[in-house]
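Trainee: Chain by chain, the residues run as shown.
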Amino acid sequence: MALLNIDGLSKEFDGLRALDQVSFTAEKGEILGIIGPNGAGKTTLFNIISGIYPASDGEVAFQGKSILRMKPHQVSRLGIGRTFQIVRPFPNLNVETNILVAYGHRFYPDLWNSTGPFRRADTLKEVQILLEKTGLQPYQKQLAKNLPLGIKKRVEIARALALEPRLLLLDEPSGGLRFEESARLMGLIRTVRDQGISVLLIEHNMQVVMDLCNRIVVLDHGSKIAEGSPETIRSNPQVIEAYLGKSVRLEDEED
Amino acid sequence: MISGYLITILITIIVYAILAHSLNVITGHAGQISLGHAAFFGIGAYTSALLYTGGGFPFWASVPLAAVVAGVVGAVLGIPCLRVRDDFLAITTMGIGFVVEAVFLYLPFFGGAMGIGGINLPKWFGREMSKPEYFLLILIVFVLLILFDRRLGRSWIGLAWSSIREDEQAAEAMGVDVVRFKVMAFVLGSTIAGLAGGFYAHFLTFIMPQNFGFGQSILILCMVVFGGIGTRWGPILGAVILGILPEISRPIMEYRTFVYGLLLLAMMRFQPGGLLGEESTLPRMLRRIQFRPSENR
Chain A
1 MALLNIDGLS KEFDGLRALD QVSFTAEKGE ILGIIGPNGA GKTTLFNIIS GIYPASDGEV
61 AFQGKSILRM KPHQVSRLGI GRTFQIVRPF PNLNVETNIL VAYGHRFYPD LWNSTGPFRR
121 ADTLKEVQIL LEKTGLQPYQ KQLAKNLPLG IKKRVEIARA LALEPRLLLL DEPSGGLRFE
181 ESARLMGLIR TVRDQGISVL LIEHNMQVVM DLCNRIVVLD HGSKIAEGSP ETIRSNPQVI
241 EAYLGKSVRL EDEED
Chain B
1 MISGYLITIL ITIIVYAILA HSLNVITGHA GQISLGHAAF FGIGAYTSAL LYTGGGFPFW
61 ASVPLAAVVA GVVGAVLGIP CLRVRDDFLA ITTMGIGFVV EAVFLYLPFF GGAMGIGGIN
121 LPKWFGREMS KPEYFLLILI VFVLLILFDR RLGRSWIGLA WSSIREDEQA AEAMGVDVVR
181 FKVMAFVLGS TIAGLAGGFY AHFLTFIMPQ NFGFGQSILI LCMVVFGGIG TRWGPILGAV
241 ILGILPEISR PIMEYRTFVY GLLLLAMMRF QPGGLLGEES TLPRMLRRIQ FRPSENR
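Sequence lines, in order, name chains A and B. Anchor point for the first sequence: position 200 equals 200 in the numbering used here, and the numbering is continuous, going up by one each time. Anchor point for the second sequence: position 150 equals 150 in the numbering used here, and the numbering is continuous, going up by one each time.
Honestly, the hints are just simulated from the structure, not real lab data. Don't be surprised by glycine CBs; every beta carbon is placed ideally from N, CA and C. Heads up, some of the hints might be wrong.
[Claimed, not checked] Label pairs and their in silico Cβ distance ranges:
1. L149(A) <-> R269(B): 27 to 33 Å
2. Q128(A) <-> L107(B): 57 to 63 Å
3. K125(A) <-> I252(B): 56 to 62 Å
4. E180(A) <-> L139(B): 31 to 37 Å
5. R269(B) <-> E132(A): 43 to 49 Å
6. F98(B) <-> L68(A): 36 to 42 Å
7. I91(B) <-> D7(A): 37 to 43 Å
8. G116(A) <-> P58(B): 31 to 37 Å
9. Q128(A) <-> V99(B): 50 to 56 Å
10. G228(A) <-> I91(B): 49 to 55 Å
11. R269(B) <-> I225(A): 51 to 57 Å
12. R69(A) <-> V72(B): 47 to 53 Å
13. L149(A) <-> F98(B): 42 to 48 Å
14. G116(A) <-> K123(B): 51 to 57 Å
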């Protein structure tokens with residue numbers, strides 16, 4: 001059974017079809033790239049999986065169970081962590097506390113548990129391990145708003161990992177980063193995958209996508225136009241057309 | 001001896017301090033704006049007044065019940081309200097304020113514009129409490145509330161509130177049940193405001209709808225913002241300063257609102273975080289003197 005099963009998923013915004021009958025699966029322990037030109041519906045897809053938008057039609061099942069009607073906090077407690085295209089760590093909390101918020105998923109559901117102090121020896125030890133793994137230790141006590149973008153993105157990933165997820169949704173992790181920063185972040189994503197956590201990766205940087213992903217799904221105008229290994233996607237004429245247009249005249253097309 | 005005038009001011013200030021603290025739970029800790037907080041203050045005051053004068057309940061029962069009723073009303077009104085965000089929440093809570101004030105004003109049951117009189121200070125040891133004793137009683141309650149707030153601030157509930165205040169969407173993506181924690185803050189804030197209302201009614205001995213109108217809601221919000229929204233002591237400092245101000249500015253009575261306005265404008269311009277806000281001048285100076293490691297927020 002696939003970890004994530006998306007079947008005939010559609011989403012309409014006031015008549016605009018953002019997603020049209022999209023189906024694919026994500027298996028355990030793979031990095032699945034989601035690519036496509038701007039406006040293809042990639043982030044919309046993430047927002048539906050994580051419960052922010054309701055779907056217009058179709059089904060999303062996680063570990064064989066439908067999650068379509070769940071609220072975002074229920075989806076995240078089930079084991080789906082995410083980051084945002086425009087980073088949103090909690091700006092006025094330090095890095096450690098940012099991560100603690102996510103560890104709270106163990107305590108929030110029960111009123112009595114949630115009255116206990118959030119600085120507990122056992123949880124703090126786990127935070128240390130996570131900080132070490134993500135290379136965030138030097139920033140532990142710094143407010144998230146004062147950190148550079150690359151570190152903020154790493155905080156977001158660490159925070160999502162604190163949910164103890166089986167699936168991570170990463171929305172353009174390399175966006176806005178310099179080459180070295182982006183390379184380090186990709187190393188982290190690889191480590192995450194090697195621990196058996198599946199990753200859905202929205203990415204515009206083709207080199208990153210081709211390097212990192214086991215499989216790739218291509219969206220264009222809300223529809224899935226291709227799916228397969230990086231090699232087959234690279235040579236797929238429909239994909240090339242979606243990215244570059246039909247009659248390629250580079251002088252005119254570049255912006 | 002403490003004069004009667006001074007003790008009256010002290011009691012008024014401490015009631016305001018509790019009230020400002022109660023709004024701080026909703027607006028400061030959980031980040032949810034409320035422009036109708038005086039409604040819950042009023043619900044507490046009217047509940048305890050009616051139970052005392054009409055129901056024959058003693059003070060010791062009427063005031064806790066006032067808190068409970070205000071909390072229950074807070075839950076009933078909060079659950080639908082807190083599904084909307086930001087500016088909509090401001091308008092909805094403002095609406096609650098106007099409706100509650102109108103209910104007090106137009107329903108004969110609540111005494112109409114004449115209000116309710118004949119509410120007395122509590123009795124103990126077979127006699128009526130003196131005003132200094134009453135002050136001490138409220139002070140003790142206030143200290144307990146602050147201790148409770150400190151405990152909450154260090155709990156997972158407090159952490160969930162911080163995350164909602166910082167970024168609601170990110171919070172729910174991290175497993176925080178946003179609606180539930182917002183309602184929790186709203187109920188707790190309303191309960192404490194109701195408690196303050198009970199104390200207020202028994203001290204004034206006479207309450208009217210105007211005491212709990214829109215102006216009062218704004219005044220409470222001013223105290224919170226002025227002192228430092230979200231900080232533990234800021235709203236209390238705000239309540240003390242804005243509570244004393246009308247007394248020391250009696251000579252310029254007519255210009256009082258004008259002075260208030262100027263003060264708030266100056267505040268917004270020079271200390272947007274409030275007097276005790278994290279990045280305001282005063283805490284910075286204190287930190288430099290004391291040099292202690294920064295708080296783990």
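Trainee: Each hint: holds or not?
Mentor: Verification of the supplied hints:
| no. | hint | result |
| --- | --- | --- |
| 1 | L149(A) <-> R269(B): 27 to 33 Å | holds (31 Å) |
| 2 | Q128(A) <-> L107(B): 57 to 63 Å | holds (60 Å) |
| 3 | K125(A) <-> I252(B): 56 to 62 Å | holds (60 Å) |
| 4 | E180(A) <-> L139(B): 31 to 37 Å | violated (59 Å) |
| 5 | R269(B) <-> E132(A): 43 to 49 Å | holds (44 Å) |
| 6 | F98(B) <-> L68(A): 36 to 42 Å | holds (40 Å) |
| 7 | I91(B) <-> D7(A): 37 to 43 Å | holds (41 Å) |
| 8 | G116(A) <-> P58(B): 31 to 37 Å | holds (36 Å) |
| 9 | Q128(A) <-> V99(B): 50 to 56 Å | holds (51 Å) |
| 10 | G228(A) <-> I91(B): 49 to 55 Å | holds (52 Å) |
| 11 | R269(B) <-> I225(A): 51 to 57 Å | holds (55 Å) |
| 12 | R69(A) <-> V72(B): 47 to 53 Å | violated (30 Å) |
| 13 | L149(A) <-> F98(B): 42 to 48 Å | holds (45 Å) |
| 14 | G116(A) <-> K123(B): 51 to 57 Å | violated (39 Å) |
In the structure shown, a violation is registered for the earlier hints numbered 4, 12, 14, in ascending order.
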